[in-house]
Amino acid sequence: MAEGSAKVPQISAVPSIPKDAPKKNIFSELFSGTKEAKPEQVKAIGAVTQQPSVHATAKTPAHNNPLSLTGTPPKKSKPGTLMLKVSLLVLVLTGGFFFSQNSTKFTFLGQNPAIKNQVAHEQEENLIIELLVEKHLSAVMQLEEFANFGGEYFYDLEQSKSSYVSENKKGEFKSALVKLKPVLNQILANLQNILDAGLDVEVMNKAGEKIDEEIAALKANGGDEQAVLADVQDLESARKLLRNTDFKNKIISLNAEAPTDEDYQSLLTAYNEINRSVTALIAEIKSGRTMWSEYWKEVEAVTKKIDPLFGTDFTGNLAVNSLAFSGQDSSISISGSTDTEDTKNFTLISNLLDAYESSTYFKDAVQRSFSKNESTDEENGSSSYSSSFEIKMTLESKQ
Amino acid sequence: MNERPKFIAGLIILLATLALGVWQWSETEALKLETSALNTEIANYSAEKAAIQEDNQALKVALTSIRGTSEQQLDSVFPTNEDITELTRLFDEFSVKNNFTNNAFFISNINYEAAAEATESAYRYVPFSIQLTASRKNLNKFIEYIETSGSLESGVRLMEIEDMRISYPSEDVAEYTAEFKLRAYFSQDV
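Same order as they appear, the protein sequences are chains A and B.
FYI, the numbering for the first sequence is 705 to 1103, going by the numbering used here.
FYI, the numbering for the second sequence is 2 to 191, going by the numbering used here.
Same shape as in the complex, but just chain B (with noise of 0.2 Å):
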């Protein structure tokens, strides 16, 4: 092969590489600019990971603090078994609170029935009926009690009304006559 040519083929090649070498340099620059600006980011994320991972052990701290209370709380609400003990002497607690000369609040019958389970078991219930004669203001006030119950605040068992049936005061009866059923609810079987 004559030299002349083989000289242009080296100079080809050799303009080539050049092309070559400034496109791969800013290749590489580039891929420097991006690693910089994401160890940026990384360290950016890092700052806002660990203030996060901060705020959550606080956040747990207080969280326990509520959960123990809830607990204890959470036994008299939703006790684990049926308790039916601990719901009459509420409801004695309530006749007593309530119950004066002028402003009647009488339970006369109390009636348990066998516990039941809710379906899919997630919790339990034990179906009673009540037979009480009040006043007016302690019969809304009855109601309300069961209508309000289960808050942890309260500490009253979790209870509901199923059906009521209220006779309104006549000549021979100045009270209201009320009969309840109810529900009071626990937990599944653990």
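Next comes chain A alone, as it looks inside the complex (with noise of 0.2 Å):
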């Protein structure tokens, strides 16, 4: 043991603290800034934290000691503080960049993803609205050309038909006809490819607010005029085709591959109800004629079935006087005469009232007083009877 060496003091528990002594803490000792240190407290510390060493008395200079209660105490680590603070800082980090990615609110720095993803539907959205109103107004001239077609078409098959067109005239219809039928299948084909009946409501009213955009800007742009009134008045045409389910249906349904005569008539008729123009109008007037031609025609040819030799050079046992037409009551009224040699004048013009009934072309036929003559001839001896019928009837289906 070194000479010097200090005997090591007696560790008690608890350093007793004198009971007239301030009531002080050890860091109010330790930032008291007292430069002088006091043997007793030293003496508790070293206790308790390290043995002192020779060098460790009072003579010894207070900062050359670690222990000295006027130095900064040493910083203890904190990891669990560090660790929270970390994590929170990157929660925050991570959190704040996906919000600059993934949220549409955050516009600064040009577009992130979520913005440029929603740009991008956005401008879907209005390229579909548009392909919509463009695929429409195509239909709308399309049907257009098939009305002018379809026209020339009914036309050149109405001439070919005719008893009263030469033969070799009938033979240009007839070759007009053939040239005519592809051109009205494209088109049929055509609007079957581009028109959807299948569009709901806010699709079509977004579509039609488009149109109303580019109707006033052709008017706002002006330019010549009777190209600015075409041009509008094919907008609104699409319009209407827009919202007509029932009539792109009935495109749709077509047989495109083989359509007849009368899908051409029925799609035409259909057009022309919801194209308000001159050719439609016509094309309506048309269509509502009746074709008395068609009513003469039967009634010549129900008289026949009851007397094959009406209608021949020959006479018969009928013969037809008259016939009125009236569109304003549609009635047909039949006046002539019967001659028979066996009486039988009132069966014959009942056989002819019964057969006008039967046909498809008219009902209600009706005569309500019968008479009938006898005249002899008195050369021979023979007698004939003749009697008059005045028949009226009503058109049953419109021809």
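In short, the hints are calculated from the structure, not lab data.
Since we're looking at a predicted model, the values are computed, not measured.
Just so you know, even glycine gets a beta-carbon here, dropped at the ideal spot from N, CA and C.
Heads up, none of these hints are tricks.
If you want the footprint, here are the derived chain A segments under chain B, 3+ residues with CB under 8 Å:
1) 795-805
2) 827-837
3) 858-871
4) 1016-1028
Take the two lone chains, each set in its own frame, and fit them into one complex as the hints suggest.
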């Protein structure tokens, strides 16, 4: 043991504090600025913390002693607090970063993926609407083409069947028909490709608004009046077509591979109902006309069934004197006479009435009074019987 | 607070942040993928729209020609006034073309009434009557002429038979006699 070795002080559990000493704690003592160490306290600290060295006496300068009461206490490491701070910081940074990427509300620093996505959705929606408008505009123009070629087709068809057109001309009309049919079929196929009858109301409304914008733009831009008027009319027809699901379904349901003349006619009729152009109006008037010639043919055909000699150069039992066709009450009056040798004039007239009634063209065929005359040929002594008839009936089916 | 709970809390937050990051990263990637797909769709729609617009331009040119021709034809078929004189000339022309010795057609009378307006003022018409004598063939031809009138191709004024009365030939009259009540249509007053 070294000479100067100090005696190891007795370690007591708790250093005793004099009763009269002021109440102070270790921190106030440490940071009080007192340079002079108190021996009792030094001893107490030394007893708890470490073995005091040989030099650890009151004589040792205070600043060399790590345990000096006037120095900065060593910092304790706090890993928990650090971890918490770091994790909170990472959370904030991560949250902030992804907010800047995935939120449409973050509009600084240009377009983030969320905004780009939103813009792309809006662009796609607008394009779909614009495409819909263009398709319906195309359909309107193709329908007008169809109406034009269809009118020509049916005129050529009528002429090719007419009894009053020369055979040469008939041949020309038939050739024209052959050329027109594939044109009509192609237009029909195009229409079926571009039209969609399954649009929902919201889409139709947006397309309608788009059409309104285009019409307003056309009118604002001005230019050639006739051209602008034609474009505006086409757009308005497109708007009508857009909402006319029944008509579109009619087109889509037609057999485009082998459409019949009835298919063409029904499409033309339906088109003329939605198109208010002058040609459509003309077509409407034409389709409302009564074809009296067809009823006349039927009257004669039925009469011929009762009397086969009717309409020939030979005298038969039945003769028609006059016919009156009335459009006002859709009626036909037939006046004529019968001439028999067996007195069965009334039977003949009754048969005629029944025959007209059973025809699909007529109904309510009636005659209320019958009268008969006898005339005798004095030369050969034969008798003949004559009776006149006045039959009135109404049209059953429109021709 | 003790360090250990703080550490655990920090660790949990860090793990949660990792999970959030992974989730949000997948959302970002999904957005980018969807945007890419949308851009492809947009390109397709744009191309389709351009193609339809080009077709529509060609259709417009074709229609302008059709509409121009139609306007001239419309004027004879559906004029803007009653044009009685042109109508009368039409019947005279038909008579001249079809009247032959063994196949007669003769119009003896034409009477025009005052023009009338249809319901909803969509169009107007002039009622008139015609009396004629004709062979059966020419009578049928005349009826067909009226019933097929109004085609732009034929250029014949749009007409309709309202009533007709036909008398068959008899011992006294060799031909058919007929009286027609007709309408000739024209456009509304603009």
